[in-house]
Every structure is written in structure tokens, then in C-alpha cells.
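**Q** Here is what each chain is made of, one letter per residue.
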Amino acid sequence: MTGVEGDGSATAQEMASAWAQVEGARHPDRPYSLDLIARCLDDFIELHGDRQGGDDAAVVIGLAKLEGRRLAVVANQKGRTLEERGRRNFGMAHPEGYRKAQRLFALAGRLQLPVISFIDTPGAYPGVAAEERGQAWAIAQTLEAQLALPTPYLAVVIGEGGSGGALATLLADSVLVLEHAFLSVASPEAAAAILFRDAGRKQSAAAALHLEVSNLLKWGIADEIVPEPPGGAHTDWDGTAALLRPRLVAKLEQLVAEGVGPVRRRERYRRLDGLFQA
Amino acid sequence: MSASPTYSPPKAVAAEKSGAVVCAVCSSSQSAGEAAANLYVCLACGAHARISAHERIRQLADPGTFKVWDVGLEGSDRLGFFDTRAYVDRLDEARIRQHLPDAILSGAAQIGAIPVGLAAFDFGFLGGSLSTAVGERLARAIEASAEARMPFVCVTSSGGARMQEGVFSLMQMAKTVAALHGLAERHLPFISVLADPTMGGSIASFAALGDVILAEPKAMIGFTGARVITQATYEQLPAGFQTSEFHHARGLIDQVVDRRELRPVLTQLLRVLSAPAGDIEQSAA
Numbered sequence: 042m043t044g045v046e047g048d049g050s051a052t053a054q055e056m057a058s059a060w061a062q063v064e065g066a067r068h069p070d071r072p073y074s075l076d077l078i079a080r081c082l083d084d085f086i087e088l089h090g091d092r093q094g095g096d097d098a099a100v101v102i103g104l105a106k107l108e109g110r111r112l113a114v115v116a117n118q119k120g121r122t123l124e125e126r127g128r129r130n131f132g133m134a135h136p137e138g139y140r141k142a143q144r145l146f147a148l149a150g151r152l153q154l155p156v157i158s159f160i161d162t163p164g165a166y167p168g169v170a171a172e173e174r175g176q177a178w179a180i181a182q183t184l185e186a187q188l189a190l191p192t193p194y195l196a197v198v199i200g201e202g203g204s205g206g207a208l209a210t211l212l213a214d215s216v217l218v219l220e221h222a223f224l225s226v227a228s229p230e231a232a233a234a235i236l237f238r239d240a241g242r243k244q245s246a247a248a249a250l251h252l253e254v255s256n257l258l259k260w261g262i263a264d265e266i267v268p269e270p271p272g273g274a275h276t277d278w279d280g281t282a283a284l285l286r287p288r289l290v291a292k293l294e295q296l297v298a299e300g301v302g303p304v305r306r307r308e309r310y311r312r313l314d315g316l317f318q319a
Numbered sequence: 006m007s008a009s010p011t012y013s014p015p016k017a018v019a020a021e022k023s024g025a026v027v028c029a030v031c032s033s034s035q036s037a038g039e040a041a042a043n044l045y046v047c048l049a050c051g052a053h054a055r056i057s058a059h060e061r062i063r064q065l066a067d068p069g070t071f072k073v074w075d076v077g078l079e080g081s082d083r084l085g086f087f088d089t090r091a092y093v094d095r096l097d098e099a100r101i102r103q104h105l106p107d108a109i110l111s112g113a114a115q116i117g118a119i120p121v122g123l124a125a126f127d128f129g130f131l132g133g134s135l136s137t138a139v140g141e142r143l144a145r146a147i148e149a150s151a152e153a154r155m156p157f158v159c160v161t162s163s164g165g166a167r168m169q170e171g172v173f174s175l176m177q178m179a180k181t182v183a184a185l186h187g188l189a190e191r192h193l194p195f196i197s198v199l200a201d202p203t204m205g206g207s208i209a210s211f212a213a214l215g216d217v218i219l220a221e222p223k224a225m226i227g228f229t230g231a232r233v234i235t236q237a238t239y240e241q242l243p244a245g246f247q248t249s250e251f252h253h254a255r256g257l258i259d260q261v262v263d264r265r266e267l268r269p270v271l272t273q274l275l276r277v278l279s280a281p282a283g284d285i286e287q288s289a290a
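Listed in order, the protein sequences are those of chains S and V.
If you're matching positions, the first sequence starts at 42 in our numbering and goes up one per residue.
If you're matching positions, the second sequence starts at 6 in our numbering and goes up one per residue.
If a hint is listed, it holds; no wrong ones were tucked in.
Distance condition first, Cα-Cα at most 25 Å in a straight line; then the derived DMTMM-like pairs of lysine to aspartate or glutamate:
| no. | chain 1 | residue 1 | chain 2 | residue 2 |
| --- | --- | --- | --- | --- |
| 1 | S | K259 | V | E79 |
| 2 | S | K259 | V | D82 |
| 3 | S | K106 | S | D83 |
| 4 | S | K259 | S | E294 |
| 5 | V | K223 | S | E173 |
| 6 | S | K106 | S | D279 |
| 7 | V | K72 | V | E148 |
| 8 | V | K72 | V | E152 |
| 9 | S | K106 | S | D264 |
Have a look at the derived ranges for each label pair, beta carbon to beta carbon:
| no. | chain 1 | residue 1 | chain 2 | residue 2 | range |
| --- | --- | --- | --- | --- | --- |
| 10 | S | P69 | V | Q273 | 48 to 58 Å |
| 11 | S | L148 | V | L48 | 47 to 57 Å |
| 12 | S | A283 | V | E98 | 47 to 57 Å |
| 13 | S | R80 | V | E98 | 50 to 60 Å |
| 14 | S | E299 | V | A29 | 48 to 58 Å |
| 15 | S | R312 | V | V270 | 32 to 42 Å |
Which bits of chain S does chain V cover? Going by a derived footprint, with three or more residues having C-beta under 8 Å, they are:
| no. | stretch |
| --- | --- |
| 16 | 164 to 171 |
| 17 | 174 to 182 |
| 18 | 198 to 208 |
| 19 | 228 to 236 |
No wet-lab data here; the hints were simulated from the structure.
All C-beta atoms in this analysis are idealised placements derived from N, C-alpha and C, irrespective of residue type, glycine included.
So here's chain V without its partners, still in its complex pose (with noise of 0.2 Å):
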């Protein structure tokens, strides 16, 4: 792990606060300022817009305490992918445009003064999806966490593997969730937060591994798709198939919790979960 001594966000994020932004569920229009103090939620109708992982972590860490790991990590093109275009090329146009190196963001933080380790996937990189470096990026978060003996808060937003590192793409749900281990072993928390959308390969490995698991309103969580769903099967759907609200009525997802309340409800979470010097589970560790 290297951790950044300093961690300003980029400016993009600060773009995201200029000009109007108009709700993608129905296309009322706020202004830059209004949606930005309002972490994005709809002010008429209280839609979740998707968040980068700069913005994620700005509504999520005590001011100046986030502290970016794993500064250089990038993948590479094992395969030689070219799809309609050449693998490469998507991903240097994505790294340009979301300011990352893959499509995850992680780092040590407070989150009401208490340190936790932090991730947050980017569903603008590539649909957040789950390649070799955002597999190896959140197994190191997850044990730099361990190692300093901090709970771990994943975001998630991600369509699941990336198709074009195809097998190791797949070999990245192992990866994490053998990462997760290490939390286990030290009985530190893993609390797994669902935003929209977390499908396939994450939701099937580590995002439902959480010891608690919170999702935004109204995120689409599955492993399969819906439209492939109809497509193979022919079935009808059920009304509010596979959002946060489906999954937490049938015991999947501990709590849905409104993007404004994330942050205090986390901060209660660990503030409950803190062990105090000499509690069982630190000892026992």
C-alpha cells in the first residue's frame, strides 16, 4: 500500500457543480449548487443519481481526512481486447475523463472521526466494473484496513466483471472475497454499501459479503440482469424487481438508507461496532 500524504479531488468534481442538472427519473432541473448540496438526490422527486468516486467520498469522509491509497496501481490488457474498439484505447479515455486509474477509489478516512478504511466504485469508468486492478485495488484496501485495524466501507456501483479481461476478470470475485478473510480473522466490520447499480460478478462476490449491508432507494442489485432475464426465460417481472427495496423485503439488505442519512447512519454503525481497549474482540485477536 502507498498511501498519499495529501488527497485533493480532482477538478472534475468540481465541474460537477456547474451548470444545471437535470433528473434522469423526471427531468426536473436543479441547479448546480442546489443538486451538489443535496449529495444529488432529486429535490422533486428524490431519485439517486449516480456518483462519481470523488463525490462519493467528499459526501462520505470528514473533511480532509481522506487519504488516497494505492496512488499508481493501474491494469493492463492481458488479452490483447478489441471489441468494436481496442480495450486500451477505453481505458485511457477513462482514466482521462473520471480522473482515476480504474474504477475504484480507496484510501483511509474518518467518517465521524472514526478511522475506517474507504472504497468507492466509479460506474462512469467503464460501468465501475470489476477488472484485475479494481479487484487488486480493493483487496489491498481491504487489507490495509485489517493491517490497521480499521472497518472497511465499500460504496458500490458496479455492472459486475469486465468482459474484456474476460477469465481474470471472473477471478477477481476469489480474490476479494479471499481478501475479506483478513478483516474476519481480526473481527473487524466490512459494511457494504449498495448503490446503483451493483450487478453480476460484485454483487455475487464481495458486495453481499458485508457484516452489514445498507443500499441506496431505488438501486438495481441482481446478478442477472433484467433485460437478459426476459430474454432467456420469457417471464414476467415482478413490480420493483430487483431494486434495494425487492432485496430488503426478503431479508437480503439490513437497511435502505437515503443517500442524506448514509453518512450519519454509517457514523452510527461504527460508533456501535468500536471496540473499547481491552474489549473481547480486540483481545482475542
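Chain S extracted, bound-state conformation (with noise of 0.2 Å):
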């Protein structure tokens, strides 16, 4: 596709744009969940299982510290090799998976326990086992579980940030967002689908959902734009973590110290729009 596509929609400039921001979040060479998580926390430990019966393995759970504070860990998971890949179905959650990050949430309340999530999906699974056990439901819940969540509660959006499925770990007192990620209504392709009837314009979608991720600051929905490497993340993985870890410290002492919980997340997610304040 080169130039303007003559409906006024967006400028071929704006495309580009629009489109690095989604070829960056979606780099093969990213630097998934876990290679964050093992650079950035300290004796991280892995749960399994939404105690209902099943274990995703595109959502991953577990303890950790940093600095020396104890934390619960919630994280979408994409696969490396071919192999994991399937396992972890693309980092695409099941009902299973969000049942399982609301166990993290209830642990974690339990516990008092501050929950970092980090965000990379592309979505919720789009399949008939994930309808059949009630997809739309275990989103619904677990996005009530995290605004009931009584300790401080931060979100790193690393990679895709990809609809409802990524919202069900979004909803923090504050959120992170690497220079490279992005979070969407839809993905590019989806929305390309529903606006245009052709899943092949998804660069004309990405730039007229305004995909940039300065827009998420100057809009309220994140806190914090992190910086990547020069080259991006999927060049270097240490030097990403060593840029964000700092910040995850500093994030979380800070929510620590205000003392935040479900009044504040809730009234934070009934205004974000910052309309009809009248």
C-alpha cells in the first residue's frame, strides 16, 4: 500500500507512523513477560491454575520481591519457539486464564500483596472453547477483581495491548506503557475488518485509532511513556530492563506511599475520559 488512499482518511505519513508503533510492539525479538520478569524482579516463583480447574499457560502467575518488597505477579505470555508458541496460544487467553488472574488478585488481597501486571496480548482467544466457557464473562470479572484489589496495584503495558483481553490486566492506579507498545479498542486488523469490510487496510485503521503511544499519555490512560534502548527493546532485552526496573521501584513506592486502593481505581476508571465534567 503506498500513498493516500484518496478517502481523506489518513496521510501516508500518518500510517507509517501509526504502523511502527504496532510492527515494534509485535517484534518477534521482543522481550517477552517472563525475560522482563527474570531481569527485572527478584526470586520470582510461579503459580499455576485458576483453582476452577484449569491452567493457561498464556497468562502467567507468581511471587516475587523487588527491593526487597514482597509482590504478586499476573503477566500475559507469548512463546518463543514454535512449540511454545502453541502452548501459550499467542499470548491469547482463555476463560481459564483471566479465572487464574483473578485467583492472583484474590491472593493478593488476601495476602496484601502489591500485583504488577504486564500487558502483551493480542486479544482474548477468539475461539468456540473460549465462548463455550463463557469468554465474555471471566473478562467481565476479573475486570471487577482488579478494581476491587485492596493494595497498590501497577500495570506494565510491554507489548501488544490488544482489547478486552488486555484490559482485564490494565486496570492499575498506575500504568506504564513501553515507547514501543500500544493499546488498542481492536487490533489494526479487526478494526481494518469492521470499518473498511478488508482486514488488509489495518495501517489505514491503526493511524485513524491514533495508535502513537504519546497519545495514551496525553489522554489520561497511561501514567508513564518508559524509554526502549536506541534500536528498540528486541535489540536489547538487558538494557530494557535495566530502563524500566527503575521505574517499577519507583512507581510502586509511590503508590505504597499514597496508600491506594479500590476508591481511588474506581473513581480513576469512572472519570479517565475527562469528559462531561461540566
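Work from the hints to combine the two standalone chains into their complex.
**A** Pasting the structure below:
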């Protein structure tokens, strides 16, 4: 696709810029959640299962420490190898993955652990089995569980933040976004299919959706953009973690000091879009 | 919340009553009067046609009791969105055609003489999609109901988050769920009624969180639409996939209720859930 498409929707430059954001977030060499958890957190111990009969490998939960502070961790996890991609389902969770996250939020509340979430998912898995087992219900209940969490909660979008599946671990007291990550109401392909009835026009959709990460800061959805090493996170995992870790430490300290909880968190998401304040 | 003292349904609702009505499923024809009297359920095959928010309110609220909330509250085009047309043009057109500021109508009403907050989605308004204005109107309706110590009833017919408002639409899922807490902390019920269709961001947020969830027969309900699932996975879809009955059989919906029984069933539910003075729920609130 070259040049403008003659419908006035976006210039070639706008499309290129928005699409670069998407490609950066999806780069196959980009560090995934477990890569960053290993480099940013101490003593990570993975836990397994939703305690209702499933253990979805597209979502990882566990316990860790950061600068001596106890933490609960929840993360979307993509696979690196062919085998792992299948096992992790490309980071797209089934209902069991969202129920696993709910279990983590409940555990964190009970043990008074702050939570850090790592977001990197194309979205919730669009499959028959997921629908049969209540995908929408699982996501809705996870939104509610996040808002009810009594402890400080920090989210980091490290790659793709796709749709309701991403929102299931995003509703934190503070949201960080890596420089080349993005958050979107739908994948650019899905948005293009809906808007243009042509998934191929994903670059136009990305431009129309204004996926540039700076907008998330401007709109108050994210609190901080975390820079990546020159060339992007995929060129330097250690460098990415070295830039991220101090921001996690600082933000978590801040949230713990402020004593955040469900009242403030609900208020944040109730008023988020900054409209209708009359 | 700004309540209008009087509500009169727009002439568009009257227009639904003129001309023949043809069933989208079996193509049988009914006179306008018959169709309206039968609540737009096909007399031949029982298919439940999609109805406007104004018509839904007419069917559910006790006559003359509906007082509309937030009359003037409209959204705006935050992204300067243009796909094949300008979003502002789509919005203007829908507002005129549907006689609504956005895809939801809400207000105070009585159902079977019990005061409730009542909201209805309008599928004819950009697919009933969840926009910032829809999210805000819904959140305010929930809050107004909680404030007035009334149960809240919402009839959803929505394709999900509105693409044209991008990530702002996504965040309405969080906004509406946050607002629902106001009902929960006052121990007030939220009755969620799912009409055809209830998809994506709408069922994956407020609509799935009803204390009681009812659905109209054969409504399409699910997170991802069948066409997208087929394209993404090449999976065979089971018979009746994503219908109300499909979800009811899997424990996700309490009852599938024929539209002609919806008002009596809601009345019974509201009566059973009404707390008498001095009841434990009220004294705890």
C-alpha cells in the first residue's frame, strides 16, 4: 500500500507512524513478560492454575520481590519457539487465563501484596471453546476483581495491548507503557475488518485509531512512557530491563506511600475520559 | 443527572406502527398494529425483531412513569475519526434517525409499580455500540439508581465497543464496571437483560455482571462474533452457537424469557427483590 487511499482518512506518513508502533510492539525478538520478569524482579516463583480446573499458559501468575518488597505478579505470556507459541496460544487467553488472574488478585488481597501486571496480548482468544466456557463473563469478572483489589496495583504494557483481553490486567492505579508498545480497542486487523470490511487495510485503521503511544499519556490512560534502548527493546533485553526496573521501583514506592485502593481506583476509571465534567 | 419531567416518545416510535412488518427470519408479513401488539415478536415463527430503545421503554415501563435522564448529554469525535465517512456525519445522521443523543436511553420508571432505574440500548444507533457518551449515560443511570435506592434494569443490544472512538470506547468497559459498585455497596440489584445482539465489550463488562441475567430467545451473545472466529480459527461452529439458549445451557444466563413474558418476569423479580422497611439489606446500607 502506497500513498493516501483517496478517502481522506490518513496520510501516508500518519499510516507509517501508527503502523511502526504496531510492528515494534509485535517484533518477534521483543522481550516477553517472563524475559522482563527475570531481569526486573527478584526471586520470582510461578504459581499455576485457576483452582477451578484449568491452567492457561497464556497467563502467568506468581510471587516475587522487588527491592525487598513482596509482590504478586500477573502477566500475558507469548511463546518464542513454535512449540511454546502453541502452548502459550500466542498470548491469547481462554477464560481459565482470566480466572487465573482473578485468583491472583484474590491472593494478593488476602496476603496484602501489591500487584504488578505485564500486558502483552493480541487479545482474548477468539475461539469456540473460549466462548463455550464464558469468555466474556470471565473478562467482566476480572475487570471487577481488579477494581476491588485492596492493595497497590501497577500495570506495564510491554508489547501488544489488545482489546478487552488487555483490559483484564490493565485497570491499575498507575499504568506504564513501553515506548514501542500500544493499546487499542481492537487489533488493527479487526478494526479494519469492521470499519472497511477489509482486514488488509490495517495500516489505515492503525492511523485512524491514533495508536501512537504518546496519545495514551495525553489522554490520561497511561501515566508514564518508559523509554526503550536505541533501536528498540528487541535489540537489547538487558538494556530494556535496566530502564524499566527503576521505574517499577519508583512507581510502586509512590503507590504504597499514597495508600491507594479500590475507592481511588474506581474513581480513576469512572472519570478517565475527562469528558462530561461540566 | 438531569431528569426531564415529561417524556413523550418521538414520532419515530409511532412510525414503527405504520406499514406492514416483515419478519427478518421467516419473511411472513404482519400488519403494523398486529406487530406492535405482539411486541415485534413474529406471530408465525416467534422471532424477536430488534426494537428501538424508545419502543423497549414503551414495552417495559408502566405507562406514563418514564422520566428520561441526561437528555442533553452527547459525546464528541475525540479522534477526528474518518474511515469511509466522517464519524461526526455518522453520529449526526444516527441522532436524527433514532431520536436519541447516542445509543442508549435511560431514566427513572416504574415496572409493576416498583420504582427502578431503566436503560435500553438502541441497536439502530451505530449498532448500539459502547461510546464515551453511552458509557457515561449508563454510568450516570447506575449512579442515579443507587442514589435513589432503586434496582437497576438494563436491556442491552450492542455490537460492543465503538471503533470510531478508539481506546476511549475500550475504557468505557472499566467505567461502567466501576459505576456498578455503587449498586453493590447499597445492596441493590442489577438486572441485566440481553437482547439481540450483545457482543464484545458490552457483554465483557457491565452486561455480564447482572445479579440476575435474563436473555431474549435466540439473541446472539458472545465476546467474539462467529464470523471472526471462523476466519481466525477455521473451527466448525456447533449448532446454536452463541445463542441465549446456548449460554443458558452452560450456566451463564439465568433464564431465557420470551419478550411477551419479559415485563411479568421483571415484575416478579423486582417484587421478590424489594426490601421491606427495616430489612437487613437496607439497614446495612
